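Visitor: Here the protein sequences line up with chains A and G, keeping their order. Per our numbering: the first sequence = residues 71 to 357. Per our numbering: the second sequence = residues 40 to 315.
These are computed hints drawn from the structure, not numbers from a lab. Since we're looking at a predicted model, the values are computed, not measured. Glycine included, C-beta positions come from ideal geometry on N, C-alpha and C. Accuracy of the hints is not assured; some may be wrong.
[Stated by the list, open to error] Short derived list, chain G residues pointing at chain A, Cβ under 7 Å:
{"hint": "1", "residue": "A168"}
{"hint": "2", "residue": "G183"}
{"hint": "3", "residue": "A300"}
[What the hints assert, rightly or not] Beta-carbon label-pair distances, calculated as ranges:
{"hint": "4", "chain 1": "G", "residue 1": "P97", "chain 2": "A", "residue 2": "A317", "range": "27 to 35 Å"}
{"hint": "5", "chain 1": "G", "residue 1": "R100", "chain 2": "A", "residue 2": "D275", "range": "22 to 30 Å"}
{"hint": "6", "chain 1": "G", "residue 1": "D276", "chain 2": "A", "residue 2": "S128", "range": "40 to 48 Å"}
{"hint": "7", "chain 1": "A", "residue 1": "D100", "chain 2": "G", "residue 2": "I264", "range": "28 to 36 Å"}
{"hint": "8", "chain 1": "G", "residue 1": "R219", "chain 2": "A", "residue 2": "E270", "range": "21 to 29 Å"}
{"hint": "9", "chain 1": "A", "residue 1": "L278", "chain 2": "G", "residue 2": "E225", "range": "30 to 38 Å"}
{"hint": "10", "chain 1": "A", "residue 1": "R219", "chain 2": "G", "residue 2": "I264", "range": "50 to 58 Å"}
{"hint": "11", "chain 1": "G", "residue 1": "G62", "chain 2": "A", "residue 2": "A307", "range": "51 to 59 Å"}
{"hint": "12", "chain 1": "G", "residue 1": "R218", "chain 2": "A", "residue 2": "S128", "range": "19 to 27 Å"}
{"hint": "13", "chain 1": "G", "residue 1": "E202", "chain 2": "A", "residue 2": "S85", "range": "45 to 53 Å"}
{"hint": "14", "chain 1": "A", "residue 1": "H181", "chain 2": "G", "residue 2": "A282", "range": "49 to 57 Å"}
{"hint": "15", "chain 1": "A", "residue 1": "A152", "chain 2": "G", "residue 2": "G169", "range": "37 to 45 Å"}
[As the list claims (entries may be wrong)] To list a few chain G residues with every Cβ distance to chain A over 10 Å, as calculated:
{"hint": "16", "residue": "R77"}
{"hint": "17", "residue": "P92"}
{"hint": "18", "residue": "A126"}
{"hint": "19", "residue": "R129"}
{"hint": "20", "residue": "D276"}
Here are the chains, one letter per residue:
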Amino acid sequence: MSTAAPHERLLTRHSFIELPARERARAILDADSFRELLGPFDRLKSPWLPLQGIVAQSDDGVVIARGRIGGRPAVVAAIEGAFQGGSIGEVSGAKVAGALELALRDCERGHPVLPVLLLETGGVRLQEANLGLAAIAEIHSAIVALRRRVPVVAVVAGMVGCFGGMSLAAALCSTLIVTRQARLGMNGPEVIEQEAGITELDSTDHALIWSLVGGEQRYATGLADALVDDDAEAIAAQVRSVVEGVAAPRSEQVECYLERLAHIDPANPPEPRALRALWAREDPDGR
Amino acid sequence: MGADPSLSGRGLRWFEALTGLEGLLDGGPRTVRVADSRLGEEIARFIAVVADPANRFPRARQGELGLEEAWTLARQLRRTVAEDLGARARAIVAVVDVSSQAYGRREELLGIHLACAAAADAYASARLAGHPIVALLVGKAMSGAFLAHGYQANRILALDSTEVLVHAMSKQAAARVTRRPVEALEQLGERIVPMAYGVRAFARLGLLHGLIEGVNAAAPGADDIERVRRELAAAIDDARAGARDLAARLTSPAARETRAASIAVRRRLTEQWDAP
Numbered sequence: 071m072s073t074a075a076p077h078e079r080l081l082t083r084h085s086f087i088e089l090p091a092r093e094r095a096r097a098i099l100d101a102d103s104f105r106e107l108l109g110p111f112d113r114l115k116s117p118w119l120p121l122q123g124i125v126a127q128s129d130d131g132v133v134i135a136r137g138r139i140g141g142r143p144a145v146v147a148a149i150e151g152a153f154q155g156g157s158i159g160e161v162s163g164a165k166v167a168g169a170l171e172l173a174l175r176d177c178e179r180g181h182p183v184l185p186v187l188l189l190e191t192g193g194v195r196l197q198e199a200n201l202g203l204a205a206i207a208e209i210h211s212a213i214v215a216l217r218r219r220v221p222v223v224a225v226v227a228g229m230v231g232c233f234g235g236m237s238l239a240a241a242l243c244s245t246l247i248v249t250r251q252a253r254l255g256m257n258g259p260e261v262i263e264q265e266a267g268i269t270e271l272d273s274t275d276h277a278l279i280w281s282l283v284g285g286e287q288r289y290a291t292g293l294a295d296a297l298v299d300d301d302a303e304a305i306a307a308q309v310r311s312v313v314e315g316v317a318a319p320r321s322e323q324v325e326c327y328l329e330r331l332a333h334i335d336p337a338n339p340p341e342p343r344a345l346r347a348l349w350a351r352e353d354p355d356g357r
Numbered sequence: 040m041g042a043d044p045s046l047s048g049r050g051l052r053w054f055e056a057l058t059g060l061e062g063l064l065d066g067g068p069r070t071v072r073v074a075d076s077r078l079g080e081e082i083a084r085f086i087a088v089v090a091d092p093a094n095r096f097p098r099a100r101q102g103e104l105g106l107e108e109a110w111t112l113a114r115q116l117r118r119t120v121a122e123d124l125g126a127r128a129r130a131i132v133a134v135v136d137v138s139s140q141a142y143g144r145r146e147e148l149l150g151i152h153l154a155c156a157a158a159a160d161a162y163a164s165a166r167l168a169g170h171p172i173v174a175l176l177v178g179k180a181m182s183g184a185f186l187a188h189g190y191q192a193n194r195i196l197a198l199d200s201t202e203v204l205v206h207a208m209s210k211q212a213a214a215r216v217t218r219r220p221v222e223a224l225e226q227l228g229e230r231i232v233p234m235a236y237g238v239r240a241f242a243r244l245g246l247l248h249g250l251i252e253g254v255n256a257a258a259p260g261a262d263d264i265e266r267v268r269r270e271l272a273a274a275i276d277d278a279r280a281g282a283r284d285l286a287a288r289l290t291s292p293a294a295r296e297t298r299a300a301s302i303a304v305r306r307r308l309t310e311q312w313d314a315p
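Build out the structure end to end from the sequences listed, making use of the hints.
Guide: In structure tokens:
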């Protein structure tokens, strides 16, 4: 899990972050294996956005692609951060949940399919509120069921980041890959400021926000498994390297985290830097 | 543990009404109440998250689901599964009245997303292990707190009360994020079913197993409690007889109408899944 790119690689690097969702999915899958499901021509759009005067998009901001990863059958669900902030509505959520459910069906039939989630999302699409939340619960359910049969990989590359109910989805995956441009948090800064006041969090203080929820901090405190450069091939290689024998999922390490919390004084919480020392990964190559 | 006068809220009232304060179990902060109580022919495990104005985490003092609450839910659920290993998987009832996840800077730093994921994971894992889980909505079922406490249940029941609310975000925060006045949001909710906050609108989405009408949700009497216990027992039987996944949420007449797109997406995905 090297984080430093050799100098010569910098010259040939191809940004992953700059790619739209469809090209991100293509970059993760083996060359020429990309096959999109429910593409734009299927015209499965949000039935709810036009009712609110918002133009729907023909893929609802999620690309589902079958293909191969390292020669093995795979499915990639890539969220398009540029459409409605990558928000999860009824259709986009059902695409992700449905793809995971079919991967689970195939795994149960003895035909493993590797699922990869490319997450760029603010969480529930508020224009479809309860149907987005319901879809996210179904996504969580599918990840938990699937994870015991095959590694479920999530990538948060940036620049939208991964928030709301989908931050739980990221945390449920077997392996979570982030870049320095990623942010991963449950509540968006604006919402925290609204709910708890500006003294709790100033949503315009970007340096503070990155120090709390940025990819580097998440990796350094063991809340992400790999920190990679913004390079399409480096990210694809990291995904390919996730094979069998993934450690016990973080979300199952209940006693470890309760013990860690017991040592936290909420009146005097650690600064982000200090938490890196407190929660440092014991093994530099893993959790 | 026993009755604790410093705790409050609808979730606590219903938890105490349904369990009679018997069989309270220890194992974490007092905000996560757990008790075994008879329900029909069996003993069910009841779990509620309640408000504690003295919570050591200040952002979780008004019934929010905080870091310790979420991780403790995970602990209690995993204990339940472990205790029943090799025996009949006990029914689990999640009594839901949670206003939100805790919003705070220390919560983000310390991974409130992972804590809530751990609770959702533990519920889903218990369900997959064969525990019939019923969520009973008696107050607020909001956002990430509902994802962590209740939304992974096999069956969801709700009291028909104006105080029972389901949504992805509080009205004030949703107004700010969507840059609309609160009144405009409320009007939209009347027109666009998934945007409404009230439980009757939620029932139209087809996600509920049942809406329990005619019960005094704020101050339940003996008949109300008995009625809800019967509904819970029936939902548990139904869950035991059904699948261990959440597919039942797409089969009701209401779901076939309001979640038609969710069903269509799955049908077309299945058709296109294998290469032609």
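Visitor: Quick check for students: does the CB of A126(G) sit more than 10 Å from each CB in chain A?
Guide: Since the minimum Cβ distance to chain A is about 21 Å, A126(G) lies beyond 10 Å and the statement holds.
Visitor: Is the nearest Cβ of chain A still more than 10 Å from the Cβ of P92(G)?
Guide: For P92(G), whose nearest Cβ neighbour in chain A is about 14 Å away, the distance exceeds 10 Å, so it holds.
Visitor: Given a hint of 45 to 53 Å, does the C-beta separation of E202(G) and S85(A) actually sit inside it?
Guide: 50 Å, holds
Visitor: Given A300(G) as an interface hint, is the shortest Cβ-Cβ distance to chain A below 7 Å?
Guide: 5 Å, holds
Visitor: Between the beta carbons of L278(A) and E225(G), is the distance compatible with 30 to 38 Å?
Guide: 33 Å, holds
Visitor: May I ask you to test the hint 49 to 57 Å on the CB atoms belonging to H181(A) and A282(G)?
Guide: 21 Å, violated
Visitor: Okay, A152(A) versus G169(G) on CB: inside 37 to 45 Å?
Guide: Check passed, 43 Å falls within 37 to 45 Å.
Visitor: Regarding R218(G) and S128(A), is the given constraint of 19 to 27 Å on their beta-carbon distance met?
Guide: 26 Å, holds
Visitor: Would R129(G) pass as off the interface with chain A, using Cβ distances and a cut of 10 Å?
Guide: 19 Å, holds
Visitor: Evaluate the given range 40 to 48 Å for the C-beta pair formed by D276(G) and S128(A).
Guide: 44 Å, holds
Visitor: Let's test the interface hint: is any C-beta of chain A closer than 7 Å to that of A168(G)?
Guide: 11 Å, violated
Visitor: Is the hinted range of 50 to 58 Å satisfied by the C-beta distance from R219(A) to I264(G)?
Guide: 42 Å, violated
The structure is inconsistent with the numbered hints 1, 7, 10 and 14, although it conforms to all the rest.
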